[in-house]
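**Q** Sequence:
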Amino acid sequence: MKTERLETYRVSERVLLSRGDVFRARGGPLWKCDNGTKVPLAAKGPFVFQAYCRRGQCEWVEAIDKAGAHTVLHIAGRRRRASPQIVTRPYVIVGKKRPPKKVDAKKAKA
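According to my numbering, the sequence shown is numbered sequentially starting from 272.
Treat each hint with caution, since some may be false.
[Stated by the list, open to error] Below, a list of computed lysine-lysine pairs in the DSS-like style, where the Cα atoms sit at most 30 Å apart: (1) Lys373 / Lys337; (2) Lys367 / Lys309; (3) Lys273 / Lys309; (4) Lys337 / Lys368; (5) Lys273 / Lys372; (6) Lys373 / Lys315; (7) Lys368 / Lys315; (8) Lys309 / Lys372; (9) Lys372 / Lys315; (10) Lys303 / Lys315; (11) Lys303 / Lys337; (12) Lys372 / Lys337; (13) Lys337 / Lys367; (14) Lys309 / Lys337; (15) Lys303 / Lys273.
[Said to hold, decoys possible] Restraint-style ranges between C-beta atoms, simulated for each label pair: (16) Lys373 / Leu287: 15 to 23 Å; (17) Arg350 / Ala322: 17 to 25 Å; (18) Leu312 / Lys373: 32 to 40 Å; (19) Pro311 / Lys373: 35 to 43 Å.
These are computed hints drawn from the structure, not numbers from a lab.
Beta carbons are placed, not taken as given, at the ideal position from N, Cα and C, and that holds for glycine.
Can you build the whole structure from these sequences, using the hints too?
**A** Here it is, written out as structure tokens:
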């Protein structure tokens, strides 16, 4: 099966992520302890979008996290578990961070 790699990803009708955009995500995998508590294993954001990939029903976003590490965020499709104690939850992209507003130099001095 061929992996399809795209430089943009449409989150919603109004939000389109392209390479270099900063976004937030929630969800991600959990570790279920023997006593029933759940420990999040999710990567921490904000993230910088790199690419959107799809292979069959499995979809993921390649991004850079706040520590500067390359991160893969699974957003759809079934995944294999490395351990029966891992709960594989998909990430949900919450929103795109807006760029800072430009301040006019003349107005800033006044």
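**Q** Give a verdict on every hint.
**A** Results of checking the hints against the structure:
{"no.": "1", "hint": "Lys373 / Lys337", "verdict": "24 Å, holds"}
{"no.": "2", "hint": "Lys367 / Lys309", "verdict": "28 Å, holds"}
{"no.": "3", "hint": "Lys273 / Lys309", "verdict": "35 Å, violated"}
{"no.": "4", "hint": "Lys337 / Lys368", "verdict": "14 Å, holds"}
{"no.": "5", "hint": "Lys273 / Lys372", "verdict": "41 Å, violated"}
{"no.": "6", "hint": "Lys373 / Lys315", "verdict": "28 Å, holds"}
{"no.": "7", "hint": "Lys368 / Lys315", "verdict": "15 Å, holds"}
{"no.": "8", "hint": "Lys309 / Lys372", "verdict": "40 Å, violated"}
{"no.": "9", "hint": "Lys372 / Lys315", "verdict": "25 Å, holds"}
{"no.": "10", "hint": "Lys303 / Lys315", "verdict": "19 Å, holds"}
{"no.": "11", "hint": "Lys303 / Lys337", "verdict": "25 Å, holds"}
{"no.": "12", "hint": "Lys372 / Lys337", "verdict": "22 Å, holds"}
{"no.": "13", "hint": "Lys337 / Lys367", "verdict": "15 Å, holds"}
{"no.": "14", "hint": "Lys309 / Lys337", "verdict": "23 Å, holds"}
{"no.": "15", "hint": "Lys303 / Lys273", "verdict": "33 Å, violated"}
{"no.": "16", "hint": "Lys373 / Leu287: 15 to 23 Å", "verdict": "21 Å, holds"}
{"no.": "17", "hint": "Arg350 / Ala322: 17 to 25 Å", "verdict": "18 Å, holds"}
{"no.": "18", "hint": "Leu312 / Lys373: 32 to 40 Å", "verdict": "39 Å, holds"}
{"no.": "19", "hint": "Pro311 / Lys373: 35 to 43 Å", "verdict": "37 Å, holds"}
The structure fails to meet hints 3, 5, 8, 15 from the earlier list, while all remaining hints are met.
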